[in-house]
Amino acid sequence: MPVTEAPRHAPSRAVIRKTRLFAVISVLSNVAGNSALTHGLQQLGAIGNTPLDLIAALFHPWVALGVTMLIVWTFAHMALLSWADLSYVMPVTAIGYVVTAFAGRFFLGETVSPMRWAGIVLITLGVTLVGRTPPASAPKGRPVE
Amino acid sequence: MKWLLVSLCVTSTVVGDVFRSLGMRHHGEIHDFRPGAIGGALSAIARNWMVILSTCAMAVSFFSFMKLVSIAPMSFAVPVSAVTFIPETLLARFLLKEAVDTQRWLGIGLILVGVVFISQ
Chain A
1 MPVTEAPRHA PSRAVIRKTR LFAVISVLSN VAGNSALTHG LQQLGAIGNT
51 PLDLIAALFH PWVALGVTML IVWTFAHMAL LSWADLSYVM PVTAIGYVVT
101 AFAGRFFLGE TVSPMRWAGI VLITLGVTLV GRTPPASAPK GRPVE
Chain B
1001 MKWLLVSLCV TSTVVGDVFR SLGMRHHGEI HDFRPGAIGG ALSAIARNWM
1051 VILSTCAMAV SFFSFMKLVS IAPMSFAVPV SAVTFIPETL LARFLLKEAV
1101 DTQRWLGIGL ILVGVVFISQ
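Those protein sequence lines, which keep their order, are chains A and B.
When the first sequence is numbered by the numbering used here, its final residue is 145 and no position is left out of the sequence of numbers.
When the second sequence is numbered by the numbering used here, its final residue is 1120 and no position is left out of the sequence of numbers.
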């Protein structure tokens, strides 16, 4: 396939800024989407196995809101992957697990056990470590399609 | 049924993420966020077979996870679906040729252990 891609540069401040912005949009839309979806599914109860049953579930308001948020997530995630490594985006957006735990704590009054606190600390440490690496590998490290 | 859904969910997520990364890399960096430019980018992306494949795989991943959480507790579904981190990081390193250094591996390891803890 011919090369049509612009060469990649070392991360500039602009790239780091838009990476952070899109990572935040991606995480928040994903957490909101999954929460709305879970809430909707709990209201619906057990769903059937056929594709029609799944499509029917999409018309429940909370499920519809969840799906809309997940569409926002899809676009933000795609944009992020257009300049950042998968091995950067995937771990950094894992902060969503922590956001979900805090959302459960503050909105649903769920208790956070010592074990869950330990999980929050470990995930935050891991995300910080990966977040400190440059978002995109050096140009020589990236194969040309 | 549970493990069938787990393997379907994990496989489709890995395929979806890797092809989304390949497709978006092939498209090139999105840097113009004006509405017209975004429309142009979207129409180009919609014709990219890797992105189309990735979107289909993500749909399978979405429905299988939806089904999984309806038959299994979240404390099982969430950590088990985080297993995707391992094959995805290996594919990022060896197929996408990304620079996965010790710091990234260590971070991903901490996140994996953390996900198991946080789901209990």
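By construction, these hints were calculated from the structure, which means they are not laboratory data.
Be aware that one or more of the hints could be misleading.
[To be verified] With the Cβ distance kept under 8 Å, some of the chain B side facing chain A (calculated, not the full set):
#, residue
1, D1017
2, A1092
3, V1113
[Claimed, not checked] Covered, in the sense of this in silico footprint (three residues per stretch, anywhere, with C-beta under 8 Å from a C-beta of chain B), are these stretches of chain A:
#, segment
4, 31–43
5, 78–87
6, 91–105
7, 113–120
Just so you know, even glycine gets a beta-carbon here, dropped at the ideal spot from N, CA and C.
Against the structure, the hints:
Hint status for B:D1017: holds, given a least beta-carbon distance of 6 Å to chain A, under 8 Å. With 8 Å as the threshold, the beta carbon of B:A1092 comes within range of chain A, its nearest partner Cβ sitting at about 4 Å, so the hint holds. Annotation: interface hint on B:V1113 holds; nearest CB of chain A at approximately 5 Å, less than 8 Å. Restraint check on the segment 31–43 of chain A versus chain B: 3 residues with Cβ-Cβ distances below 8 Å, three needed, restraint holds.
Residue count for the segment 78–87 of chain A with a Cβ under 8 Å from a Cβ of chain B: 8. That meets the three needed, and the coverage hint holds. Given a C-beta distance limit of less than 8 Å, the hint that chain B covers the segment 91–105 of chain A holds, as 5 residues qualify and 3 suffice. Residues of the segment 113–120 of chain A lying with their CB closer than 8 Å to a CB of chain B number 6, which satisfies the three-residue condition for coverage.
In terms of the numbered hints stated before, the structure departs from none.
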